[in-house]
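2 protein chains.
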Amino acid sequence: MKQLLRVQNFGVSSDGIGAGESQSFESPFGLDHGEMFAWAGATASWPNRTDPGGSRGLDDYFTRDFAHNIGAEIMGRNKFGPQRGPWQDLEWRGWWGDEPPFHTPVFVMTHHPRPSFTLSDTTFHFVDGDPGAILEQARAAAGGKDVRLGGGVTVIKEFLEADLVDTMHVAVSPVKFGSGLRLWESPDELLDRFHLEVVPSPSGVTHHLFWRK
Amino acid sequence: MKQLLRVQNFGVSSDGIGAGESQSFESPFGLDHGEMFAWAGATASWPNRTDPGGSRGLDDYFTRDFAHNIGAEIMGRNKFGPQRGPWQDLEWRGWWGDEPPFHTPVFVMTHHPRPSFTLSDTTFHFVDGDPGAILEQARAAAGGKDVRLGGGVTVIKEFLEADLVDTMHVAVSPVKFGSGLRLWESPDELLDRFHLEVVPSPSGVTHHLFWRK
Numbered sequence: 001m002k003q004l005l006r007v008q009n010f011g012v013s014s015d016g017i018g019a020g021e022s023q024s025f026e027s028p029f030g031l032d033h034g035e036m037f038a039w040a041g042a043t044a045s046w047p048n049r050t051d052p053g054g055s056r057g058l059d060d061y062f063t064r065d066f067a068h069n070i071g072a073e074i075m076g077r078n079k080f081g082p083q084r085g086p087w088q089d090l091e092w093r094g095w096w097g098d099e100p101p102f103h104t105p106v107f108v109m110t111h112h113p114r115p116s117f118t119l120s121d122t123t124f125h126f127v128d129g130d131p132g133a134i135l136e137q138a139r140a141a142a143g144g145k146d147v148r149l150g151g152g153v154t155v156i157k158e159f160l161e162a163d164l165v166d167t168m169h170v171a172v173s174p175v176k177f178g179s180g181l182r183l184w185e186s187p188d189e190l191l192d193r194f195h196l197e198v199v200p201s202p203s204g205v206t207h208h209l210f211w212r213k
Numbered sequence: 001m002k003q004l005l006r007v008q009n010f011g012v013s014s015d016g017i018g019a020g021e022s023q024s025f026e027s028p029f030g031l032d033h034g035e036m037f038a039w040a041g042a043t044a045s046w047p048n049r050t051d052p053g054g055s056r057g058l059d060d061y062f063t064r065d066f067a068h069n070i071g072a073e074i075m076g077r078n079k080f081g082p083q084r085g086p087w088q089d090l091e092w093r094g095w096w097g098d099e100p101p102f103h104t105p106v107f108v109m110t111h112h113p114r115p116s117f118t119l120s121d122t123t124f125h126f127v128d129g130d131p132g133a134i135l136e137q138a139r140a141a142a143g144g145k146d147v148r149l150g151g152g153v154t155v156i157k158e159f160l161e162a163d164l165v166d167t168m169h170v171a172v173s174p175v176k177f178g179s180g181l182r183l184w185e186s187p188d189e190l191l192d193r194f195h196l197e198v199v200p201s202p203s204g205v206t207h208h209l210f211w212r213k
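The listed protein sequences derive, respectively, from chains A and B. Residue numbering for the first sequence follows this note's numbering, beginning at 1 and increasing consecutively. Residue numbering for the second sequence follows this note's numbering, beginning at 1 and increasing consecutively.
Bear in mind the hints are in silico, worked out from the structure with no lab data behind them. Where is the CB? At the ideal position from N, CA and C, for every residue including glycine.
In silico DSSO-like pairs for lysine-lysine, Cα to Cα no more than 30 Å straight-line:
id	chain 1	residue 1	chain 2	residue 2
1	A	Lys2	B	Lys145
2	B	Lys2	A	Lys145
3	A	Lys145	B	Lys145
Covered stretches of chain B, as calculated for chain A (at least 3 residues, CB under 8 Å):
id	segment
4	61-75
5	193-201
Turn these sequences into a full structure, and let the hints guide you.
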């Protein structure tokens, strides 16, 4: 069985923006991202849910699928944290506290390697290299399962550019940011290489489902 | 975590019919069911897929979810086979050959018990009793996971009647049968107890997603 590279539950605004330009510790997305993730937070299967309940309609199929047959994640350094350049603070171990929601090896792309560490059942590795080489490492660590491409925008665009993405789920929110890190001007840019289904959800987001032609 | 009872990927016609009146060995559904399942067969995750390929759009989320966190299935005797009354032919071991697509214990509801048997990683048990008692057995066998209610129509209606169903996914096909075993006159019959989302798929089926209020 081929090990796919899958983008899962990636959120962008209606103008294609996934994050702001000015990330900080206080603002992991560099913009007011609440509205972009409200659909996911409302579902029963949202990994960070602390209370019981939550919806089990269409959106829940997407949050439920987040970890399904995923054996490793690749993420950009800016998804991991707000520091830039050489590591100043090795105490920083991600935004997610002692129980990160990944439960697999995670490969953080950076030009500034640092030692791997483990929190609960998630191990973070810091790797330098081109997308193909990093995907190869992630596949080897994934135990035969698929690899999730966790974002952010810059990393997804790099892997799209290298034609390494097999499936991509992007939830487009009915909010407009105007400026920021833009995944696309229009999803149609990808139609030369991908099938696309556009599925409006009762929650207001529009799920965009791409898979390789 | 509560062990849910879930109906997954159950197919009915636009007039609510899931099977014909006259099931036989040649006709497991007692009607021409091809059109009712074409949407599922076209997906990459369809358990019976023999060739690579298949779509990875909306419909694939449903076939992909078929086994997700499922630890046991309950099915009616008529889903298991075409015999009625006392077992004439214990050689009959279901429609599915040596590799049934369940991969868990399966509880077949029947007034005519017979010995359990195992095919590959699926074990079939034959159990008599009311829905509540059978669900209890299935939950105990499910290793903490959810239980799938596999159908057919009669069994789903019995469990709905007993108010034991937690979530239900019904794929409504754009085909009309006129007569047969009817799940509902209208899905609205369930709105007193369930939330409902109705999600049209590009394939032509309309996914109906119910979850308990």
